[in-house]
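Novice: Work out the full structure: start from the sequences and follow the hints.
The chain contents come next:
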Amino acid sequence: MEYPSKAIENAVNELANLPGIGKKTALRLALHILKQTEENAEKLGESIITLRKNIRYCDTCFNISDEATCNICSNQRRNKEILCVVEDTKDVIALENTHQFNGLYHVLGGLINPLQGIGPSLLNIDPLIKRISESSIKEVIFAFSANIEGDTTAFYITKKLKPLGVKISSIARGIPVGLDLEFTDEVTLARSILNRTQITASE
Amino acid sequence: MYFADLNLTHFRNYYQQELHFSPQINCFVGANGSGKTNLLDALHFLALTRGFRSTQDKFAVKKGETYFFNGATLVKNEAKLKIDVNYLKGKGKKVIFNQKPLVKMSEHIGRIPLITILPNDTELINGPSAGRRKFLDMLIAQYDHSYLNHLIHYEKILAQRNALLKLMGEQRFFDKEQVEIWDTQLIPHGIAIYKGRESFLRDFMPYFEEFFKKIVSNEEKPFIEYRSQIEENTIDGWLKLMAEHQERDRVQQYTTGGTHRDDLNFHINDHSARNFGSQGQQKTFVISLKLAQYRLLEKHTNIHPILLLDDIFDKLDEHRLQSIANLLDRDIQGQTFITDTSYERLAEVFSKNISREVKFFMVKDGVAQEW
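Those protein sequences? They're chains A and B, same order as listed.
Residue numbers for the first sequence follow the working numbering, beginning at 1 and rising by one.
Residue numbers for the second sequence follow the working numbering, beginning at 1 and rising by one.
No lab work stands behind these hints, which were simulated from the structure alone.
Do not rely on the hints blindly, as some may be mistaken.
As the list claims (entries may be wrong) - SDA-like, lysine to any residue: derived pairs with alpha carbons at most 20 Å apart:
(1) K159(A) <-> E177(B)
(2) K166(B) <-> G117(A)
(3) K159(A) <-> K176(B)
(4) K176(B) <-> I125(A)
(5) K156(B) <-> I125(A)
(6) K156(B) <-> G119(A)
(7) K160(A) <-> D175(B)
(8) K159(A) <-> T184(B)
(9) K160(A) <-> K195(B)
(10) K195(B) <-> A190(A)
(11) K156(B) <-> K160(A)
(12) K176(B) <-> L122(A)
(13) K159(A) <-> K195(B)
Nothing here was measured: the structure is a model prediction, and the numbers come from that model.
Specialist: Take a look at the structure:
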């Protein structure tokens with residue numbers, strides 16, 4: 001594509017580096033920003049710079065944070081005995097939105113994936129072991145994607161945690177809420193039968 | 001189920017062709033390069049939405065043309081069904097079944113069960129082991145979805161394990177613990193794959209032996225040997241194997257032990273068919289394998305599959321030739337298509353005690369004529 005100005009071309013190329021944005025969308029965004037008031041465009045630019053320069057990771061759980069300790073870790077009302085281990089910050093957000101979990105988190109920053117060159121040493125696994133051995137955490141929950149990499153990471157951490165004697169569990173895998181049984185794939189269905197839940201009739 | 005007719009336009013070396021088939025045996029006879037096999041390929045397109053030769057559809061268009069149309073009438077339980085495969089260069093392929101265009105090609109596959117036997121199928125004996133594993137896996141996976149799932153998972157985990165070995169090799173360290181994590185994941189799938197292959201072969205052997213014996217008169221005894229590094233197909237057996245291979249895995253930087261190294265050895269009277277078999281013997285072996293596959297498909301679909309035989313009589317002695325002709329007459333009920341270069345040869349073997357209808361077509365330079 002030919003652009004009428006070098007400034008447009010630069011902006012398009014930078015925007016097109018973002019996930020899910022192609023050259024055409026990038027051009028549309030660039031032209032839109034151009035139509036905005038100078039003030040609005042500056043606000044956008046500043047917010048991106050602040051995001052990159054000021055945001056840090058929580059020293060305890062490695063979640064994105066404004067301070068050295070994030071507001072989940074520093075919240076006194078949360079249960080400090082239960083810890084949920086997740087792949088990424090977006091998983092923390094997803095779980096927080098359920099309002100069902102009141103414990104603490106630990107963000108690994110990825111899953112073990114040799115094909116992408118990611119081994120355990122590149123993840124926040126050692127800090128996790130250290131954190132559990134030095135704190136009052138009694139239960140660890142793995143909330144990973146249901147794939148080979150997620151299972152492997154869970155296996156690996158379980159092995160490492162064994163000497164510490166904490167209770168370890170994994171989020172349930174099974175039929176999504178609202179989905180018909182007949183449309184559930186065989187693997188999920190087989191797994192949900194193996195890991196069935198008991199139902200007790202209340203009086 | 002059978003093809004009642006076939007209409008070709010600009011398909012391979014055909015300009016325009018209309019043929020009416022016998023529901024039983026049809027023979028295409030002609031010189032090399034006349035277009036016999038192209039007729040089988042056209043039928044393959046209609047049954048499975050793709051040809052059996054080149055992977056790209058554009059090569060199926062006649063030279064100098066921009067499109068091809070293949071049409072056929074399929075008769076199933078006396079109902080007439082229309083199938084069309086249309087291809088336009090730059091636009092792609094459209095398959096129309098009973099006036100309804102297919103959304104996904106996969107919805108058509110399996111509708112018309114079909115088995116082909118091609119000259120280069122002897123690759124199964126002479127080629128690398130991957131071809132034999134693929135043959136076996138496709139056969140099992142067709143009827144056993146959980147086997148396919150195990151296979152897919154095994155491959156994925158294996159790729160990760162190999163990547164880990166390579167990564168560690170490049171960075172000059174070896175972490176036993178990490179390798180063993182992948183083993184824990186790999187083993188349950190490996191156990192299922194071994195079990196699937198072993199039990200399938202046990203069921204498959206009688207069909208195979210039956211066909212082989214019908215083709216060969218003398219005391220030739222065929223045998224399919226399942227070769228695997230797995231000695232004891234349990235978690236402990238596998239753990240032992242993985243431990244034994246650990247040092248080699250470390251040095252070679254890939255996984256050297258497991259069901260992905262399985263192979264099939266084909267024997268005739270205790271001799272390896274690959275090393276000692278003549279071309280005729282190897283051909284007999286492959287034909288028997290494929291006909292056993294035909295029988296299994298027939299059992300599972302409850303339909304007599306269509307059989308495409310490309311030049312299978314070449315290099316076979318008179319006895320085997322006649323035996324195969326008799327077998328096609330008595331043991332195969334599905335519609336059969338045969339290509340051969342010699343009219344005399346086919347006319348001879350199909351003249352003796354044949355009860356099925358045999359129709360001949362002479363093929364010359366892209367024109368086929370009923371004889």
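Novice: Looking back at the numbered hints, which does the structure fail to meet, lowest number first?
Specialist: 5, 9, 11, 13
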